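Engineer: Given these sequences and hints, build the entire structure.
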Amino acid sequence: MRKIIPIILLIIGSCLISSMVSCTEDDDCSGNARKMVTANIRSVFSNDSATWEVPDTLDVITVYAIGTDSIIINDKTNATSLSLPLRTNVEETILVFSYTYHVGDTLPQHYDKDTIVFRHHNTPYFMTLDCNFVVKQEISDVSYTTNVLDSIVIVNPTASNDETENIKIYY
Amino acid sequence: MMRQKISRYIISIMMLLAFVAPLLAQNTSNRQQGRSSQSSQQQKKKKEKKLPEVTYPLMNGIDVGVDVLGPIFKAFGSDFMSAEAMVDVNLYNRYFPTVEIGYGGGKSTNDYDVHIKESAPYFRLGIDYNTFWKKAHGNMLLVGLRYGFSSGKYDVEVPNILDPDYNGGAELTNLTDHIWGDRSNYVHEGMKHTMHWMEFTVGLRANISKRIKMGLMLRIKYRLKASVDTYGDPYYIPGYGRYDSNNAGLTYSIIYQLK
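So the protein sequences, as listed, match chains D and Z. Anchor point for the first sequence: position 51 equals 76 in my numbering, and the numbering is continuous, going up by one each time. Anchor point for the second sequence: position 226 equals 247 in my numbering, and the numbering is continuous, going up by one each time.
Worth flagging that the hints you see were computed from the coordinates, not collected in a lab. Remember, predicted model here, so these are calculated numbers, not experimental data. Don't be surprised by glycine CBs; every beta carbon is placed ideally from N, CA and C. Errors might be hidden in some of the hints.
To list a few chain Z residues with every Cβ distance to chain D over 12 Å, as calculated [said to hold, decoys possible]: (1) V87; (2) M212; (3) S230.
Below, simulated DSSO-like cross-link-like pairs (lysine-lysine); rule was C-alpha separation at most 30 Å, straight line [said to hold, decoys possible]: (4) Z/K280 / Z/K128; (5) Z/K280 / D/K161; (6) D/K161 / Z/K138; (7) Z/K280 / Z/K156; (8) Z/K231 / D/K161; (9) Z/K95 / Z/K128; (10) Z/K128 / Z/K156; (11) Z/K213 / Z/K95; (12) Z/K231 / Z/K280; (13) D/K161 / Z/K95; (14) Z/K246 / Z/K95; (15) D/K161 / Z/K156; (16) Z/K213 / Z/K128; (17) Z/K174 / Z/K95; (18) D/K193 / D/K101.
Structural biologist: Quick look at the structure:
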């Protein structure tokens, strides 16, 4: 029986070493990617008896942010959905939607703009020493001009990375 | 971090060798002695086979012990250390209700100047079953269960926001906004955690002398429930290890039998 003890110890030791190896694997840091607001483009139709909404498309849209030279979305065509960043260290984000669209099926092109102001709450969250931080963001309020767009509805205030719908923009 | 990983490997191999070598030596010496009296042992074995099953009283002793791996890991460069003591009661040489209490903590900093500091007490309650309870040699192969609990505080801070154009420090922590270029500090002290977990254990306990034993125990740990602060996860839970959904751990104890 005593011969078994070293064998068992060796087995346990092997398990121990393999567990140590598994314990030292690098963390999966996919969760610390920047959170985005997913905006779906919609239109509402109605007649005397019913109202319904359908997905809509924007011919050409460019989105840029007040406070930076960066262009968030550059000349995206036939856009049905937009992925929008919010500021991580300031709790108000102002985005400008610049539209290019056709009047009828041909030229002339027409240009217009809307400005959308997101007010949101940022929570920088420590994950691990390997993954560092993620900034969690919750939309509290949206205000906007209505030059082209009709209205905006917050569906889910929590920005995420999984393309969950956060807002509906109606045209 | 790499030094920590390397030291983990080295320590685990050293501990394994340190524990196995004496037993192998003990085994060899036993074998030598055994050869000289082989015939008499064969006779004894025949007699032993005929002996009735060994029975043990309800109260068969109280063991107290301390874990020595925590300080050893610390000495080999680990950022965190735990000090742990245990006491168990030997019932029928089969059942060992066990209480383990300890205190752990430490500090660590990563390449991006993120500082963490954590400390907390912890305890575990559970029971072991000695599968070698019939064996006359007195060594034990224990399997068991534990419930563990820890509650404490942790600090996380990035005291210096580094210039991302120079050394990239803060930028890589996600505290710098890549689009707008804003930067912010992150200092949160005194964040609180509580955690409940369960452990499956398997271990060996070998006699060194009449009252002193060594115990090596492998622990597979599963998080049951945890509450953490709004601003971040704890990195290390004393008694549990890395704040993951499951974990593996090891204790190596020097144990004294009180009576």
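Engineer: Any hints from earlier that this structure breaks? Give me their numbers in increasing order, please.
Structural biologist: 2, 4, 5, 8, 10, 13, 15
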